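Colleague: Sequence:
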Amino acid sequence: MLLGDEIGAGDRLSGAAARGDLAELRRLLHQELVHPDSHNRFGKTALQVMMFGNPFVAQELLKQGASPNIQDEAGRAPAHDAARTGFLDTLCVLVDHGADVNVPDGTGALPIHVAIREGHTEVVRYLAPESNLQHRDAEGRTPLELARHLAQIVLGTPPGAGFGGAGSL
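Basically the numbering used here = 1-based index in the sequence shown + 160.
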């Protein structure tokens, strides 16, 4: 297959994944035998551009051999994107198929850092037992320190204020 044909196949697969078109995705994977990690014209795979609200798309791609830990040019893996968008069901599929929740992106953030920043509490609860809670992002914050910092911003509490004792968090 020529490079242009490979990119065209990657475009079609990525398009089906982005639309959440499971029937077309399956047709491309099973009948046209498009590799699940084929890149589109922008250098992304179907798993990187999929409709994150559709865990069945993720499951089909992963069952056919898509890499759950593939990172884009910013170092974001699909688990970072699922954490950012708050789709816990898709994140669970990714983790069940080997996604590593302790791989940092280009800013040093783990998926749990991303979920905390976006306020996705259910995703944070899911990720916490599996995440390295001592890992520091590029700003030097662990997930717990980031959560505290954001709580201080929301509550208008001065930096360094305690969260213990009467009348505090």
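Calculated directly from the structure, the hints in this document are not laboratory data.
Note that the structure is predicted; figures quoted are calculated from it, not measured.
Just so you know, even glycine gets a beta-carbon here, dropped at the ideal spot from N, CA and C.
Hints should not be assumed to be uniformly reliable.
[Unchecked claim] Now the in silico label distances, taken between C-beta atoms and shown as ranges:
no., residue 1, residue 2, range
1, Ala311, Glu290, 37 to 43 Å
2, Gln191, Gly279, 29 to 35 Å
3, Thr317, Glu233, 35 to 41 Å
4, Glu233, Asp181, 21 to 27 Å
5, Arg179, Gln312, 37 to 43 Å
6, Cys252, Gly168, 30 to 36 Å
Colleague: Can you name, in rising order, the numbers of the hints this structure does not satisfy?
Modeller: 1 and 2
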